[in-house]
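*Asks:* Here the protein sequences line up with chains A and B, keeping their order. Following my numbering, the numbering of the first sequence begins with 1 at its first residue and continues without gaps. Following my numbering, the numbering of the second sequence begins with 1 at its first residue and continues without gaps.
Mixed in with the good hints, there may be bad ones.
As the list claims (entries may be wrong) - For lysine-lysine, the following DSS-like pairs were computed, each having C-alpha atoms within a straight-line distance of at most 30 Å:
1) B:Lys112 - B:Lys177
2) B:Lys333 - B:Lys349
3) B:Lys220 - B:Lys177
4) B:Lys314 - B:Lys333
5) B:Lys349 - B:Lys314
6) B:Lys112 - B:Lys7
7) A:Lys185 - B:Lys112
8) B:Lys7 - A:Lys166
9) A:Lys185 - A:Lys166
10) B:Lys177 - A:Lys166
11) A:Lys166 - B:Lys104
12) B:Lys293 - B:Lys333
13) B:Lys7 - B:Lys220
14) B:Lys220 - B:Lys314
15) A:Lys4 - A:Lys103
16) A:Lys45 - A:Lys103
17) A:Lys166 - B:Lys314
18) B:Lys104 - A:Lys185
19) B:Lys314 - B:Lys293
20) A:Lys103 - B:Lys15
21) B:Lys220 - B:Lys15
Keep in mind the hints are simulated off the structure, nothing from the lab. Computed from a prediction, not measured in an experiment: that's the story for all the values here.
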Amino acid sequence: MTRKALRPFVLYLLMAVIGAWVLAPLVLITLATFTPQLELYRWPKAFLPSRFSGETLAFFLTTEGVLRATFMSLLVGILTIGLAMAIGAPAGYATARFSFRGKDAFRLAILLTRMFPVAILAIPLAVSFIKVGLYDTPLGVAIAHTALALPIVILITTSVFLGVPKDLEEAAITLGCTRLQAFLKIVLPLALPGLAAAAMFTFVLSWNEVFAATILTVRNRTLPALVVYLLGLSPLNFRFAGGFFMVVPALVVMFMIRRYLTHLWGITIR
Amino acid sequence: MAEIQLKNVRKTFGKVVAVHEITLTIRDGEFLVLLGPSGCGKTTTLRCIAGLEVVDRGRILIGGRDVTHLPPSRRGIAMVFQSYAVFPHMNVFENIAFGLRVRKFPPSEIRKRVQEAAELLQIGELLQRYPAQLSGGQRQRVAVARAIVMRPEVLLMDEPLSNLDALLRLHMRAELKRLHREIRSTTVYVTHDQVEALSLGDRVAVMREGRIVQCDTPEKVYTEPQDVFVGSFIGSPPMNFLQGTVVAADASLFVEAAGVRLPPPEMFEGVLRDRVGDPILLGIRPENIEVHKEPRSDALPGQVVVVEPIGFQKLLTVQVHGATLKVTAEADKAVSPGEQVWLRVDPRKIRVMDPQTGGALSPREKGL
Numbered sequence: 001m002t003r004k005a006l007r008p009f010v011l012y013l014l015m016a017v018i019g020a021w022v023l024a025p026l027v028l029i030t031l032a033t034f035t036p037q038l039e040l041y042r043w044p045k046a047f048l049p050s051r052f053s054g055e056t057l058a059f060f061l062t063t064e065g066v067l068r069a070t071f072m073s074l075l076v077g078i079l080t081i082g083l084a085m086a087i088g089a090p091a092g093y094a095t096a097r098f099s100f101r102g103k104d105a106f107r108l109a110i111l112l113t114r115m116f117p118v119a120i121l122a123i124p125l126a127v128s129f130i131k132v133g134l135y136d137t138p139l140g141v142a143i144a145h146t147a148l149a150l151p152i153v154i155l156i157t158t159s160v161f162l163g164v165p166k167d168l169e170e171a172a173i174t175l176g177c178t179r180l181q182a183f184l185k186i187v188l189p190l191a192l193p194g195l196a197a198a199a200m201f202t203f204v205l206s207w208n209e210v211f212a213a214t215i216l217t218v219r220n221r222t223l224p225a226l227v228v229y230l231l232g233l234s235p236l237n238f239r240f241a242g243g244f245f246m247v248v249p250a251l252v253v254m255f256m257i258r259r260y261l262t263h264l265w266g267i268t269i270r
Numbered sequence: 001m002a003e004i005q006l007k008n009v010r011k012t013f014g015k016v017v018a019v020h021e022i023t024l025t026i027r028d029g030e031f032l033v034l035l036g037p038s039g040c041g042k043t044t045t046l047r048c049i050a051g052l053e054v055v056d057r058g059r060i061l062i063g064g065r066d067v068t069h070l071p072p073s074r075r076g077i078a079m080v081f082q083s084y085a086v087f088p089h090m091n092v093f094e095n096i097a098f099g100l101r102v103r104k105f106p107p108s109e110i111r112k113r114v115q116e117a118a119e120l121l122q123i124g125e126l127l128q129r130y131p132a133q134l135s136g137g138q139r140q141r142v143a144v145a146r147a148i149v150m151r152p153e154v155l156l157m158d159e160p161l162s163n164l165d166a167l168l169r170l171h172m173r174a175e176l177k178r179l180h181r182e183i184r185s186t187t188v189y190v191t192h193d194q195v196e197a198l199s200l201g202d203r204v205a206v207m208r209e210g211r212i213v214q215c216d217t218p219e220k221v222y223t224e225p226q227d228v229f230v231g232s233f234i235g236s237p238p239m240n241f242l243q244g245t246v247v248a249a250d251a252s253l254f255v256e257a258a259g260v261r262l263p264p265p266e267m268f269e270g271v272l273r274d275r276v277g278d279p280i281l282l283g284i285r286p287e288n289i290e291v292h293k294e295p296r297s298d299a300l301p302g303q304v305v306v307v308e309p310i311g312f313q314k315l316l317t318v319q320v321h322g323a324t325l326k327v328t329a330e331a332d333k334a335v336s337p338g339e340q341v342w343l344r345v346d347p348r349k350i351r352v353m354d355p356q357t358g359g360a361l362s363p364r365e366k367g368l
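Looking at chain B on its own, in the form it has when it is part of the complex:
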């Protein structure tokens, strides 16, 4: 098993910088997800690790070994492609055995390993079939089996679930998680689907324009986004951002937003004290807003514009002083469009961002 280190890796295609000086360490046995919108460089980063792209600058180490100039075959990696890339002229057995045959494993060992991998992916029955006779989900399993049969130190996956239908995707997601627990290869997984990223990753590296914006556990990435981009990319619906101003009154600190004075989260008081009078952005997750139907002094008055039932919840679009907030409410909450509501924000769950840079302010303990 192996740790992957990227050191100042840079990759350009002509004038386009696909990957901008990425430095990242992926721990041995970790499941790391590269998440980002299309064109953010996540797939290129993965292909650099695989050796399918030659980096312009920087170094890549796998298990402490510098593989920057090694071909893919000598990096100890295996890869699952978005298109599955199952060889159409070979049956399932030969597909899975392909890598072992190239590496000249003895036939008995090949048979044993292919059997094992096929069992693990539950395709033991399909070994004699040709890819044309398989469904999308089955092909996907063949592609994964073909990769893990090599017992790679590093398993790379490029959007492996994006070509499956929704139900199958949900199922395979759980399968992949189980698989990782069993084989424990260091895994790098590329996706643009934030739900996939949060559910699979030990850590999620959110990328934007060739850079890693934030690399953290799924919980942290969700609750403590590093900047406005991460907050608005992760979460469905994404984080709300509310313009406000820092005000000091009666020795306490407030953020005045939408005509209401909100007490800032305690841990931010220290940082905000230096910013009295400055504009500030409040990042608020839709589920951290309570909907009240009676006026409250600590709540933002607003008007419901749209009500969308989404099964276990209702998604409200509320107009607050020119700003639009997305709020989730319990499914049985009786609200209708046009109604006046008061929104109470849980002060402990507010993220405070700098409106200029879009970056989150790091909290400081009171009095520090």
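Just chain A, same shape as in the assembly:
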């Protein structure tokens, strides 16, 4: 085989390896979740379970605190969406529509906020939250998650608003709209699917975030924080069920918004 003919082969091999690296744990977790408990501990273990079993998942869901933590996670996720969209969408609109002094610096600064690991930020944040009474509250966790989500939200919403031609807005303005009316009647309806994608992305980020949630809560744990806490104390099947339960929403949402993620940088990656 010549080198040239070899190239696509190598490329596909690499893609297969990367794909497997991501998919294999997901598949294994899913299989383990629906494997009857006894079979899970048998050796040698069959790849496919002999029968489909929901016992483990049911056990996980009825475990003390899991439902409450799920509710907390939902609450924190919704609060995070509210905050991140309220701050991020206008910022995205501004970067998409206006040229202002320091625009490039602003865009860089957005990304720079991701330079600091949460681990470094979480401790001082916890101290500050204790002072102002936000510690161990859903709002406190949501604020931390908003900070984490904002850069991506701004990037996504910028690309969303760039996708709505400026002409449409100006046409609305010449037809008698104020700037705000033009935004509400024209830009918003057209941007809505993209904004929804940004909101879902925010939710997934919040749903999966462990570190800040663990440090900033004691009793009002979110689901990941609870699972991390319980992990050391629990049997194998519980861990698998927890992992599965946590990963599913993320997968579903990612699948729904993938169109917007590939448009992130204003170019289409297919």
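Based on these hints, arrange chain B on the given structure of chain A.
*Replies:* Okay, now just chain B, sitting in the frame of chain A:
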């Protein structure tokens, strides 16, 4: 209906001066075309009138009312965009009705007006369709209907035909002219297409580098260009420019060009008398040159380089003493490349330009 006045309007973007002190009055009901190459400031001028750009200096009056600081919605204008800017999430009816709804017209009035506008643009059948289901030409009609349904005092159009294919453009051009005759809004139309400008405009304002070089009727802009730029921008092929020198001999005046003495147009004799011995530029339209195959004393000898049949005419490129002239000849004229020809220029149709400034000399009556 309304007259538009621009008074010393200036607009800059950073260091770039897009519009340079433009002063212009557009008469009530007039169709004025802003014509110029890209980047000449014509669209910016239009957007200043619309209120989409805030002018740096100067004043804009519409119908005698100072609108310089008013938002677009309070200027009594409507605009057609180059991209049409038809709202993709509304059907044709809602698109056309949009402006009326914003201004809270009663529903019965809206229905009536939308119907009227749609009939006028021949899109009455398409009212329930969405823009994605329309062709480019149909979208364009929706955009125009959406503007005229407002019965604006001033209708602004930014290169509305440039995204259409050639045949459709020709058709829509005539449509727009008919439309203007019917609705009589004062219209400002931006284009870089000189044929469009000449065919549509009551007057054509030729712009260059943020300034209006000449604003006149299409006939005048074509036959009496104000300077070399206008002459070479308008007309296809553009005006020829021939270097010459003013000479006085035997009490008569000649322009010596390409080794031949041409009698200048009578009306320029007065001005040229002051310029004896000076170099001069002669602006000659390709259609004002006759092609002869026998030597003539009043004709420029030249050699045909290229012959291009363009249907009803032949376009010749002729080399004359180092200068290249474009000449149109009848389609049945038998000329071939390499052939020797004699070009006779109609002296009455020559424009005389100053080679230094590029500006046209204004003719003066003999003896004045």
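*Asks:* Starting from Lys349 of chain B, check that the Cα of Lys314 of chain B is at most 30 Å away, please.
*Replies:* It holds: about 20 Å lies between the C-alpha atoms, which stays within 30 Å.
*Asks:* Holds or violated: Lys104 of chain B and Lys185 of chain A, Cα atoms, limit 30 Å.
*Replies:* At roughly 14 Å apart (the allowed maximum being 30 Å), Lys185 of chain A and Lys104 of chain B satisfy the hint.
*Asks:* Taking only the CA atoms, is the gap from Lys4 of chain A to Lys103 of chain A under or equal to 30 Å?
*Replies:* Answer violated: Lys4 of chain A to Lys103 of chain A is near 44 Å, above 30 Å.
*Asks:* Please work out if Lys185 of chain A and Lys112 of chain B have their alpha carbons no farther apart than 30 Å.
*Replies:* Holds, because 23 Å separates the two Cα atoms, which is no more than 30 Å.
*Asks:* For the pair supplied as a hint, Lys112 of chain B and Lys177 of chain B, is the alpha-carbon distance within the 30 Å limit?
*Replies:* Since the Cα atoms of Lys112 of chain B and Lys177 of chain B sit roughly 24 Å apart, the hinted pair holds (cutoff 30 Å).
*Asks:* Hinted pair, alpha-carbon criterion (30 Å max): Lys314 of chain B, Lys293 of chain B. Please report holds or violated.
*Replies:* At roughly 15 Å apart (the allowed maximum being 30 Å), Lys293 of chain B and Lys314 of chain B satisfy the hint.
*Asks:* Are Lys333 of chain B and Lys349 of chain B close enough, with their CA atoms no more than 30 Å apart?
*Replies:* 22 Å, holds
*Asks:* Hint check: Lys185 of chain A vs Lys166 of chain A, CA-CA at most 30 Å. Holds or violated?
*Replies:* 14 Å, holds
*Asks:* If you draw a straight line from the CA of Lys166 of chain A to the CA of Lys104 of chain B, is it 30 Å or shorter?
*Replies:* Since the Cα atoms of Lys166 of chain A and Lys104 of chain B sit roughly 24 Å apart, the hinted pair holds (cutoff 30 Å).
*Asks:* Against the 30 Å threshold, does the CA-CA distance of Lys220 of chain B and Lys177 of chain B hold or violate the hint?
*Replies:* 20 Å, holds
*Asks:* So if I understand the rule, the pair passes when the alpha-carbon distance is 30 Å or less; does Lys103 of chain A with Lys15 of chain B pass?
*Replies:* 18 Å, holds
*Asks:* Would the pair Lys177 of chain B and Lys166 of chain A pass a check requiring their Cα atoms to be no farther apart than 30 Å?
*Replies:* 28 Å, holds
Hints 6, 15, 16, 17 and 21 from the list above are not met by this structure, while the remaining hints are.
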